[in-house]
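Enquirer: Residue numbers (our numbering), protein chains in the order written: chain S, 1 to 112; chain U, 1001 to 1113.
Hints are not guaranteed to be accurate.
Straight-line Cα separation of at most 35 Å, DSBU-like style, residue types lysine-lysine; simulated pairs [said to hold, decoys possible]: (1) 80/S - 1037/U; (2) 1057/U - 1071/U; (3) 1068/U - 1037/U; (4) 1071/U - 1058/U; (5) 1022/U - 1057/U; (6) 79/S - 1037/U; (7) 1057/U - 80/S; (8) 1037/U - 1057/U; (9) 1057/U - 79/S; (10) 1022/U - 1071/U; (11) 1037/U - 1022/U; (12) 1042/U - 1058/U.
Pair by pair, the computed Cβ-Cβ distance ranges are [unchecked claim]: (13) 98/S - 1005/U: 17 to 27 Å; (14) 1062/U - 39/S: 23 to 33 Å; (15) 1058/U - 12/S: 18 to 28 Å; (16) 1039/U - 22/S: 18 to 28 Å; (17) 1057/U - 8/S: 31 to 41 Å; (18) 1046/U - 71/S: 20 to 30 Å; (19) 1053/U - 1/S: 24 to 34 Å; (20) 14/S - 1014/U: 17 to 27 Å; (21) 15/S - 1067/U: 44 to 54 Å.
Hints are computed from structural coordinates only; laboratory data are not their basis.
The beta carbon of each residue, even a glycine, is placed where N, CA and C say it ideally should be.
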Amino acid sequence: SQTIHQWPATLVQPVGSPLSLECTVEGTSNPNLYWYRQAAGRGLQLLFYSVGIGQISSEVPQNLSASRPQDRQFILSSKKLLLSDSGFYLCAWRGTSFETQYFGPGTRLLVL
Amino acid sequence: GENVEQHPSTLSVQEGDSAVIKCTYSDSASNYFPWYKQELGKGPQLIIDIRSNVGEKKDQRIAVTLNKTAKHFSLHITETQPEDSAVYFCAASLDGSARQLTFGSGTQLTVLP
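Construct the complete structure from the given sequences, taking the supplied hints into account.
Expert: Shown next as structure tokens:
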């Protein structure tokens, strides 16, 4: 069966510090991968998605970036965090033969 | 692009009563409609989905109905229990689109004991 992992689970970072969040998927190959941000406890905002290694599509201009160095690894990064980057970050995956997206447990980021 | 509107934003029901959450979508080409349940501090979990070639789907206490003509779909939860309390999201998808799901804004369901 497929599983999706995210780490860290929680993170407190000062403004201006860098960020690296990691997402990995097991039990599948060549998945589509997604990063979402959820602010104020609701509303899922799609940030990036990837259909393959090195292929990243950005949905919202911001100081975040994403990379996919391996087939089942998706990384969300920032060089300098802003207060507005605080939120709940969710990674999701989808197989290429069906439409359903499955979400990871999320990373709660607090920027102080 | 696709736009999904979800109502109500909050819903309180007595335990044992039914709950209904409604969503409308704008793109008539959308053909896949999942519903997710998100408990506090956790990632959303798929609870039921429906495709455009079906009008209704049921799984125990949960059902989803789809009206393609009116471009709306609804989640029905019967015999609600306290553990049904969560935020529920609807979504719409166009088959073959890698970008895929467009989400509604969510409904906070509270089941009162």
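Enquirer: Holds or violated: are the alpha carbons of residue 1057/U and residue 80/S at most 35 Å from each other?
Expert: Between residue 1057/U and residue 80/S the Cα gap is close to 47 Å, so the pair fails against 35 Å, i.e. violated.
Enquirer: Taking 35 Å as the top limit, are the C-alpha atoms of residue 1057/U and residue 1071/U close enough?
Expert: Distance ~16 Å between residue 1057/U and residue 1071/U Cα, so the pair holds.
Enquirer: Keeping to a limit of 35 Å between CA atoms, is the pair of residue 1071/U and residue 1058/U held or broken?
Expert: Holds, at about 19 Å.
Enquirer: If you draw a straight line from the CA of residue 1037/U to the CA of residue 1057/U, is it 35 Å or shorter?
Expert: At roughly 17 Å apart (the allowed maximum being 35 Å), residue 1057/U and residue 1037/U satisfy the hint.
Enquirer: A range of 18 to 28 Å was offered for this pair. Does it hold for the Cβ distance of residue 1058/U and residue 12/S?
Expert: violated, 44 Å
Enquirer: Between the alpha carbons of residue 79/S and residue 1037/U, is the straight-line distance 35 Å or under?
Expert: Holds, because 33 Å separates the two Cα atoms, which is no more than 35 Å.
Enquirer: Please check whether residue 15/S and residue 1067/U have a Cβ separation lying inside 44 to 54 Å.
Expert: The hint (44 to 54 Å, Cβ to Cβ) holds, given that residue 15/S and residue 1067/U are roughly 48 Å apart.
Enquirer: So if I understand the rule, the pair passes when the alpha-carbon distance is 35 Å or less; does residue 80/S with residue 1037/U pass?
Expert: Holds. Residue 80/S to residue 1037/U sits at ~33 Å (cutoff 35 Å).
Enquirer: Within 18 to 28 Å or not, the Cβ separation of residue 1039/U and residue 22/S?
Expert: This hint holds: roughly 23 Å between Cβ atoms.
Enquirer: Within 35 Å, alpha carbon to alpha carbon, are residue 1042/U and residue 1058/U?
Expert: holds, 25 Å
Enquirer: Does residue 1022/U lie within 35 Å of residue 1037/U when you go C-alpha to C-alpha?
Expert: Satisfied, since the Cα-Cα distance of roughly 14 Å is no more than 35 Å.
Enquirer: Measuring from beta carbon to beta carbon, are residue 1046/U and residue 71/S in 20 to 30 Å?
Expert: With Cβ atoms ~23 Å apart, the hint holds.
Hint compliance for this structure: hints 7, 9, 15, 20 are broken, all remaining hints hold.
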